[in-house]
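Respectively, the protein sequence lines represent chains S and D.
Residues in the first sequence are numbered from 1 upward in steps of one, following my numbering.
Residues in the second sequence are numbered from 1 upward in steps of one, following my numbering.
Hints listed in this document are in silico derivations from the structure and should not be mistaken for laboratory results.
Where is the CB? At the ideal position from N, CA and C, for every residue including glycine.
Misleading hints may appear alongside valid ones.
Reference listing, derived: stretches of chain D covered by chain S, where coverage requires no fewer than 3 residues with Cβ under 8 Å from a Cβ of chain S [what the hints assert, rightly or not]:
no.	stretch
1	370-380
2	397-405
3	496-503
4	522-535
Partial list, computed: chain D residues near chain S (C-beta under 10 Å) [what the hints assert, rightly or not]:
no.	residue
5	36
6	39
7	345
8	383
9	414
10	442
Chain D residues, not near chain S, derived (Cβ > 12 Å throughout) [to be verified]:
no.	residue
11	32
12	112
13	132
14	306
15	334
Number of protein chains: 2
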Amino acid sequence: MSRYTVGVDFGTESGRAVLVDVADGRELATAVYPYANGVMDEHLPAPLDHVVLEPDWALQDPEDYLRTFEHAVPAVLAEAGVDPGDVIGVGIDFTACTMLPTTADGTPLCLLDELRANPHSWVKLWKHHAAQPEADRINAVAAERGEPWLPRYGGRISSEWFFAKTLQILDEAPEIYARADRLIEAADWVVWQLTGVETRNSCTAGYKAMWSKRDGFPSDAYYAALDPRLEHVVDEKLSRAVVPIGARAGVLTERAAALTRLRDGTPVAVANVDAHVSAPAATVTEPGTMVVIMGTSNCHILLGAELAEVEGMCGVVEDGVVPGLFGYEAGQSGVGDIFAWFAERAVPPDVHDEARRLGIDVHGVLEHDAARLRPGETGLLALDWWNGNRSVLVDAELSGLLVGMTLATRPPEIYRALLEATAFGTRVIVDAFESAGVPVESIVACGGLPQRNELLMQIYADVTGREFAVAASAQTPALGAAMFAAVAAGPELGGYATIEEARHRMAHLSGRRFAPVAAHHAVYTDLYRDYVRLHDLFGRDADGVMKNVRRIRERVQGGL
Amino acid sequence: MSRYTVGVDFGTESGRAVLVDVADGRELATAVYPYANGVMDEHLPAPLDHVVLEPDWALQDPEDYLRTFEHAVPAVLAEAGVDPGDVIGVGIDFTACTMLPTTADGTPLCLLDELRANPHSWVKLWKHHAAQPEADRINAVAAERGEPWLPRYGGRISSEWFFAKTLQILDEAPEIYARADRLIEAADWVVWQLTGVETRNSCTAGYKAMWSKRDGFPSDAYYAALDPRLEHVVDEKLSRAVVPIGARAGVLTERAAALTRLRDGTPVAVANVDAHVSAPAATVTEPGTMVVIMGTSNCHILLGAELAEVEGMCGVVEDGVVPGLFGYEAGQSGVGDIFAWFAERAVPPDVHDEARRLGIDVHGVLEHDAARLRPGETGLLALDWWNGNRSVLVDAELSGLLVGMTLATRPPEIYRALLEATAFGTRVIVDAFESAGVPVESIVACGGLPQRNELLMQIYADVTGREFAVAASAQTPALGAAMFAAVAAGPELGGYATIEEARHRMAHLSGRRFAPVAAHHAVYTDLYRDYVRLHDLFGRDADGVMKNVRRIRERVQGGL
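All chains should be modelled from the sequences, with the hints used to inform the complete structure.
Take a look at the structure:
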C-alpha cells in the first residue's frame with residue numbers, strides 16, 4: 001500500500017503544496033496559492049490602504065498562510081486522487097526570518113480590530129529591511145560585550161533577523177510589543193495552527209535568533225544592555241524549549257484537518273526553512289558536499305562534523321540542517337535578480353525582437369549568444385554586488401561594478417560577465433570554507449536557475465573547478481518538507497526513522513552533471529585573481545569608492 | 001560691396017563647403033558631399049573589392065576630395081546666388097593625420113593602374129589603426145635615444161600619426177614606399193590640387209609629424225635608427241619648408257577654378273586641421289580660454305605664450321593654432337560615441353517606445369529623465385574609457401568602468417553617469433594644464449554635442465566649476481577655414497591681415513552660456529575625488545585589472 005506525505009513551502013509571493021510518495025519521493029501533484037495580499041511594501045491592504053508604509057518595509061498577511069493550507073492541500077489530494085487516510089505526515093518550510101506578534105493563544109495581533117491599523121501588528125517578511133538601526137545596536141552591544149555567539153554569525157547580525165525586528169517593534173511601537181504575548185517565526189506559527197501546539201524549531205532559532213544547542217539564547221544581561229525592557233524577552237515572549245528539526249511537532253487538530261481535508265491526528269513535522277530543508281532534498285545529509293540553492297539569490301548550505309569559524313558566513317547551527325551535524329550557511333544576495341535586472345533594464349530592442357521571433361524569453365536569447373563566447377572572451381569583469389554582499393564581506397552597502405567595456409561591447413558579453421561574476425562570488429565562498437578547514441569536495445545545485453540555465457551551470461563548474469550535480473526535483477523546499485514529514489511520521493506509520501534514511505529513498509539527482517573543463521578552469525583562475533583583487537579593493541575598503549558614492553547620494557537625496 | 005570666402009571641411013564621411021560673408025561671418029550657404037567610397041575598412045572599392053583589408057585598416061579615396069570641390073563649392077555659390085568674383089579666398093581643413101603617397105607631380109599612387117590593387121597606395125585615414133607596431137618602434141627608439149621632441153607629445157607618439165603610417169608602408173610595402181616621390185598629408189594634398197603648389201602646413205607638421213618651428217624635424221640619425229632606408233625621408237619625400245597657418249599657399253589654377261566654378265587666381269590658404277581651425281571660429285585666439293570641440297570624441301585646444309610640459313597631452317606646437325603662440329592639444333577618445341553605444345546597446349524597449357511616442361530620439365528621452373536627477377543622485381560613477389584614454393594617461397588599452405549599480409538602477413541614471421564621467425575626464429585635462437602652469441580661465445564649447453545636449457553642457461560647467469560659452473556656429477571647422485581664407489586674401493582684397501582680426505569680425509558666441517551652480521560644483525568636487533581615485537587606480541597601474549582582462553581576451557581569441 002502506498003504512503004504519502006505533504007510538503008508545504010511558504011515562499012515570498014505564494015505558498016506551494018506538493019504530494020509526495022514516501023517510497024521513492026515521486027511528486028504526484030503540486031498546487032500553488034498566490035497570496036491574496038502578496039508582499040505589502042507600500043501600504044496596508046484595503047480598507048486600511050491609507051496606512052502608508054515607510055521605505056524598506058515588507059509585510060505579509062498571516063491569513064494568506066492559512067488560505068494556502070485551505071486551497072493548496074485539498075488541491076493536491078484531488079489532483080492525485082489520494083485518500084487522506086494514506087497521507088502519513090505533513091511538513092512545512094518557510095522563508096526566514098519572517099516573524100509576527102501574537103496573543104497567548106496564537107492569534108496574530110493584526111487580526112485584532114484595535115491593532116490592525118498599526119503596521120507593527122502584521123507579519124514582518126524576511127526582506128523587511130527597516131530594522132538596520134536596531135541591527136547596528138545589536139552588533140555594537142554584542143561586540144562591546146564580547147558576546148561569544150557573535151563569531152558564529154561571521155561577526156555580524158543581519159537587519160533581517162529575529163531580534164532586529166523585535167527591537168524595531170519595541171522602539172517604534174512599544175504598545176504592540178507590550179500586547180505581544182508571543183513573538184514567533186511564521187514557520188512555527190503555521191505549525192502551531194496545524195497542531196494547536198506552540199513549538200520552536202532549531203533551524204530558525206539557530207540561524208535567525210542567536211540560539212545554539214550548547215549555549216541557548218544570549219544572556220538576559222545582554223538583552224538588558226540592548227534595552228532594559230528586553231531583559232526577559234526570551235522567557236516572556238519566546239521559549240527556551242527549542243525542538244530539533246526532524247522531530248514531530250504534534251498532529252493535525254480537527255480544525256486543521258477540516259481546513260486541509262487531511263485526517264485529524266496526522267503527524268506534523270517541526271517547522272523548517274526553505275533553503276536548509278533543500279539540502280536533504282538535494283541528496284545531501286553528510287559533510288563534504290555543498291548545496292547551492294540558486295534563484296534570485298544564492299544560498300550555500302554545507303555540513304560539518306565540527307564547529308569552525310568561517311569568514312563572513314551567515315551562520316553555523318548544530319542540528320540546523322541535519323540533526324547531529326553543524327549546518328553552515330552562506331549566501332550571495334543577488335544572482336537571478338541581477339540577470340533579471342539586466343534583461344529588464346539594459347537589453348536593447350533587437351534582443352527583445354529576436355526573443356519574440358523565436359518564441360523564447362530574453363534570457364534565452366542572451367544565453368544562446370553568450371554560450372558562443374569562450375571563457376575570457378568578453379574582456380569584461382564584474383562584481384556581483386547589485387544587492388550588496390551577504391557572505392564573506394557581509395556588507396549590504398556594496399554595489400555592482402562592471403569593467404572592460406569598449407565601443408564594441410555587446411549585450412550577450414555583459415550578460416556572460418554577470419553570470420561569471422556570480423560564479424566567482426560562489427568560488428570566494430567555497431575558498432572561505434576550505435581555508436577555514438571545512439572541505440567542499442563536490443557541489444549539488446538546486447532551485448529555479450539550474451533547471452533553466454545550462455550555461456550558468458557550466459560556468460559555475462568551470463569557475464569553481466568542481467563538478468556540479470543538479471537535484472532531480474524542481475521544488476526541493478517542498479520535497480524536503482515532505483521528507484521531514486515522513487520522518488515525523490516515523491517507521492511505525494510507514495515513514496522513516498531519520499532524515500538520512502528518507503534521503504536515500506526520497507531524494508534524487510537528475511542525470512544532468514556539469515564537469516569542469518580544464519582549459520576553461522585555467523582561464524577562469526586567471527580572471528578570478530582579478531576578481532579577488534577587485535573584491536578586496538572595493539569590498540574591504542571601508543572608506544572606498546562604493547561607500548562614498550552611496551553616501552553622496554544619500555546626502556543629496558536627504559536634501560543636505 | 002560684399003566679399004565672401006569659402007571654407008571646405010573634409011570630414012570622415014563627407015566634405016562640406018560653407019560660403020561665408022567676410023564682414024560678419026554670416027554663413028550664407030552650406031553644401032555637403034558624402035564621399036562615394038566613404039571609409040574603406042573591409043576591402044578596396046569595386047572592381048577591386050576582392051582585395052580585403054586587415055583589421056584596423058581605414059582608407060579613403062583621394063578622388064572623393066576632388067569630387068567634394070566639384071559638387072559642394074558650386075552648390076554654395078548657386079544657393080547663395082553669389083558671383084564668383086566676390087569670393088576672395090578659399091580655405092580648407094581636414095582630418096589628420098590622413099596621408100597618402102604620390103608621384104612627384106602629386107598624382108596619388110592609387111590612381112596608377114599598376115599600384116591600385118595595393119592597399120598601401122591609397123589614403124590612410126586618421127583612424128587607420130594598423131600601425132601600432134610601428135608607433136611602438138618610434139617610441140622605443142625615441143626613448144632610448146632621449147629624443148628632445150618626445151616630451152612635447154606627452155611622451156608618446158600615436159599610431160595614428162604621420163611617421164607610424166609612413167613606417168608601416170615601408171615595412172609592409174617597400175615597393176610603394178620606393179615609388180612614393182612624396183608622402184603628404186591629405187590636407188596639404190588638396191591645397192596642392194587647388195594651387196598647383198606643394199606646401200606643408202605648420203599644424204599637421206607640428207602635431208602629427210614631430211616637427212617644430214625651432215628644431216625642425218627629428219634628425220636623420222633618428223630616422224636611420226628606426227630603419228636605414230628612412231634616413232633621408234624628410235629630404236626625399238617631405239619638405240623642410242613648413243609654412244605657418246594663416247599664410248597664403250597660392251592661388252587657384254585654371255583647372256581648379258573650372259572644378260570649383262570659382263575664379264582662377266583666387267587666393268588659397270595653407271591647409272589646416274578640423275579641431276585646431278575651430279579655435280578662432282569659436283572666438284579664441286588668445287591664451288586663457290580653452291576650446292572644447294565636443295562630438296564623438298572631445299578635442300581640447302588651448303593657447304599659451306610659453307612652452308610648458310603638460311602630462312600626457314597630445315602635443316604642443318608653436319604656430320600650430322594661431323601664429324605666434326603655442327597651441328596645446330589634448331583629447332578624450334570617447335564622448336558622444338559612448339553615449340551612442342549606450343543608446344544603441346544598453347537601453348531597453350520602453351525608452352525606445354517613449355521616444356517614438358514623443359517623436360524624439362532615445363537620447364532626448366534619456367536626457368529629459370536624467371535632467372530630473374540632482375548631481376550625485378545616481379549613486380553611480382564611471383570611467384569614460386570605452387575608447388581608451390587619449391590624454392594624461394595616453395593609453396588606448398584602457399576600457400570603461402561603471403560602479404554603484406543596484407537592483408533599482410535605471411537607464412537614465414546610467415546615462416547621466418556617462419555624461420558626468422566625460423565631464424570628469426575634461427576636468428582631469430583642465431587640472432593637468434593648470435598644474436603645468438598653463439591657465440584655463442574660461443571655456444568655449446563647439447561641435448555637434450553642445451548644440452543638442454543642454455544637460456551635458458550644464459554638467460560640464462558644474463563639474464569644472466567654469467562657465468561654458470557655446471560657439472554660435474554649428475560648423476566651426478568650415479567657418480574657421482573660411483576665416484583663414486580671409487587672412488590668405490589679406491586686406492588688399494577685402495580680407496584681414498591676421499586671424500585675430502578675422503576672429504573679431506567673423507567669429508561669434510551664441511547667447512547660450514552655462515554657469516556652474518555652486519552647490520552642484522561642491523557635490524561634483526566630492527565625486528571627482530573618487531573619479532580621480534579610480535582614474536589613478538585603474539589608469540596608472542600597468543599591471544592592473546583592465547590590462548589583465550584585455551590580455552586574457554587576446555590570448556583566448558588568439559587560441560592560446
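Here's how the hints hold up against the structure:
1. Figure legend: the stretch 370-380 of chain D, annotated as covered by chain S; annotation consistent (7 residues with Cβ-Cβ distances under 8 Å, at least 3 required).
2. For the stretch 397-405 of chain D, the assignment as covered by chain S holds, since 7 residues bring a beta-carbon within under 8 Å of that chain's beta-carbons and 3 suffice.
3. Counting residues of the stretch 496-503 of chain D whose beta-carbon sits less than 8 Å from any beta-carbon of chain S gives 0, not enough to reach three: the coverage restraint is violated.
4. Restraint check on the stretch 522-535 of chain D versus chain S: 7 residues with Cβ-Cβ distances below 8 Å, three needed, restraint holds.
5. With a cut of 10 Å, the hint placing residue 36 (chain D) at the interface with chain S is violated, because the nearest CB-to-CB distance is about 26 Å.
6. Interface restraint check: residue 39 (chain D) against chain S, minimum CB-CB distance 15 Å, threshold 10 Å, status violated.
7. At its closest, the beta carbon of residue 345 (chain D) sits 6 Å from a beta carbon of chain S; the interface hint therefore holds under the 10 Å criterion.
8. The closest approach between the C-beta of residue 383 (chain D) and any C-beta of chain S is roughly 8 Å, which is under the 10 Å cut-off, so the hint is satisfied.
9. Proximity of residue 414 (chain D) to chain S holds as hinted, the smallest CB-CB distance being about 8 Å (cut-off 10 Å).
10. Evaluation of the residue 442 (chain D) hint against chain S yields a violated restraint, the C-beta minimum of about 27 Å exceeding 10 Å.
11. Residue placement check: residue 32 (chain D) keeps its beta carbon more than 12 Å from all beta carbons of chain S (closest about 25 Å).
12. Against the 12 Å criterion, residue 112 (chain D) stays outside the reach of chain S, whose nearest CB is about 36 Å from its own CB.
13. Against the 12 Å criterion, residue 132 (chain D) stays outside the reach of chain S, whose nearest CB is about 16 Å from its own CB.
14. Here residue 306 (chain D) stays apart from chain S, with its beta-carbon at least about 37 Å from theirs, past the 12 Å limit.
15. A Cβ of chain S approaches the Cβ of residue 334 (chain D) within 12 Å, the least distance being about 7 Å, so the stated non-interface status is violated.
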